[in-house]
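Keeping the supplied structure of chain A fixed, place chain B upon it in accordance with the hints.
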Amino acid sequence: MEKKKMKRSAFLKRYLRIIISGIVLLGIFLVAIFAPFIATHDPGKTDMYNMNQMPDKEHIMGTDIYGRDIFSRIVYGSRSSLLISITVNVLAIIIGTVLGLLVGYYKWADRIIMRLLEGINALPTILLAIVLVTVMGQGIDKLIICLTVVNLPGIARLVRSQVLSIKEKEHIECARSSGASNLRIMIKYVLPLCLSPLIIRFTSGLGFTILTQASLSFLGVGLDPRIPNWGGVINEGRSMIMVQPHQCAYAGIAIIITVLAFSIMGDGIRDILDPKLK
Amino acid sequence: MLRFTVKRLLSAIPVLFIVLTLVFFMMRIIPGDPVRQILGDEARPEDVEMLRERMGLNEPLHLQYIHYLTDSLKGEWGTALYNNKPVFDNIRDRMEPTILLTVYASLISIVIGIPIGIIAAIKRNSALDYILTTGAVFGLSIPAFWLGLMMVFYLGVQHGLFPVQGYTFIAQGGLKGALYSLTMPAFSLALSYISSFARYMRSTMLDVLNNDYIRTARAKGLTEGKVHYVHALKNSLAPVVTTIGFSIAGMLGGATVIESVFNIPGMGKLAYDSLMRRDYPQEQAIILFIAIIFIFTNILLDIIYKLLDPRIELD
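Chains as they are written, first to last, in my numbering: chain A, 1 to 278; chain B, 1001 to 1315.
No lab work stands behind these hints, which were simulated from the structure alone.
It is possible that part of the hints are untrue.
[Said to hold, decoys possible] DSS-like mimics (lysine-lysine), calculated; alpha carbons at most 27 Å apart, straight line:
id, chain 1, residue 1, chain 2, residue 2
1, B, Lys1306, B, Lys1226
2, A, Lys13, B, Lys1234
3, B, Lys1123, B, Lys1226
4, B, Lys1007, B, Lys1234
5, A, Lys107, A, Lys169
6, B, Lys1007, A, Lys107
[Said to hold, decoys possible] Have a look at the derived ranges for each label pair, beta carbon to beta carbon:
id, chain 1, residue 1, chain 2, residue 2, range
7, B, Asn1210, A, Asp224, 47 to 53 Å
8, B, Ser1011, A, Ile20, 42 to 48 Å
9, B, Ala1219, A, Leu273, 41 to 47 Å
[What the hints assert, rightly or not] Examples of chain B residues toward chain A, derived with CB under 8 Å:
id, residue
10, Pro1014
11, Val1019
12, Ile1030
13, Gly1135
14, Phe1138
15, Trp1146
16, Leu1149
17, Val1152
18, Leu1252
19, Gly1254
20, Tyr1272
21, Ile1290
22, Phe1294
23, Ile1295
24, Thr1297
Fair warning: this is a prediction, and the values are worked out from it, not measured in the lab.
Idealized CB from N, CA, C, for every residue including glycine.
Pulled out of the complex, with its shape left as it was, chain A reads as follows:
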């Protein structure tokens, strides 16, 4: 009995952060999925008779400068934030891993691709994202491509550094001498050893992408302003910041809760997969 209790408390200690952040994230995902049932109003419906309303029973988070219900816009905003963040990080991990494997394994690729990625890295992320979004134009798909490009150098460098150390290991030497092709070695022997840092990078990248995307929407680039999104809600409320800070406050809190949950989840996973980094 005592042993069981100890096991349970060790389990809780190890997984507590993942469980708590997982519950919060599950809640946010459910809000995004069931947004039409949770939102109290149509998020895009303007109402000139109800502009800049303070929070009350009808509009629990008040209304914006166009009379739109802020609560409903935040509820619907979770959809674009999660969709963009997850898609960007999945794409960036896939493409970044392929690039990282290539540059880590082949010297010629290292010379070309790494130099290009270093060039991209010399530009601040948010500035590069603003330029790319302007180059590509508005739209969720284009924003996803831009944010993926911005994330690539970091992931490629991460995989490259793993590959450089893994490829010197004996089991790779062994596979090579037994006639395994480069592709087989990369996929079967190198890639599995890169997975832990990639999983850690994926979870921490989710929160970072939400912040970058919100910054872009706040500046008015990236997403069509008619699509409800958290950065956009803050941007729309900023003209009223002196008198009605709640127009910006709630969307910011939504961003903080989501990013915090992703970060805590990332830290929890990191501590399990790579305790050295704790």
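Frame of chain A, contents of chain B only:
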């Protein structure tokens, strides 16, 4: 050390060349005709043609690229389309607030973040460690622009502690006045860096504290203070310096957003406005300038890193 510095400076050349190339092609594929943007849709075709010729836009792309490279290397970065002034003059006019904001935010991040990391590492697994590390994760999750807006309302409007908008140039209000006007922007920009420096400092310090020489120092009978601040701190600082270098690029980018929140006439705002105006020469120049600052700051920090840890070699 001289060999290291020269080698490091030479390694910046290909990166600069790639940045120049990237910036050129990104600017050329932006939708929207810059000539139409300047002259408007009602402009006469002959005027459009004349300006196009003057801006060199009629040349084939590869010739435009070669001219752009040679002009950039000669330091002829062109004139801005919006006010016809040399682009570098516009950058020079906007440099002060951005540089001061970045330096101010960096100092805040270092002065607050690094001691937090050290304390958390020394008091590992204590209640204080949990509070500080949780606080650091929280700080990383707050969007800087949102924090800036909240500060505008609570500290600026409600309590009247700081100006809510604009920037006081050093020539007008002295360094003190300039710093005062940048206090809220610098804090909102710094918060996430305070958190990341604290987290990074904690983990490198913990790594160092596990080393054999620390055990030896303790075995010698040194006080805990000496072990932490003389032996562990110096060795933990070297990798943190590299993180600070990368953060400076992030801050220069973050300045674009923060300058927009606080209406500061800096380089970030110029970069954003130029892009919205499709002002190619100005935008190219500002991105290039920010990249050069970033590259050279990193070289400087690598040299400091080498001074702190002479074992470091360039691969």
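Could you work out which earlier hints the structure fails to respect and list their numbers in ascending sequence? Of the numbered hints, 2, 9, 13 and 24 do not hold.
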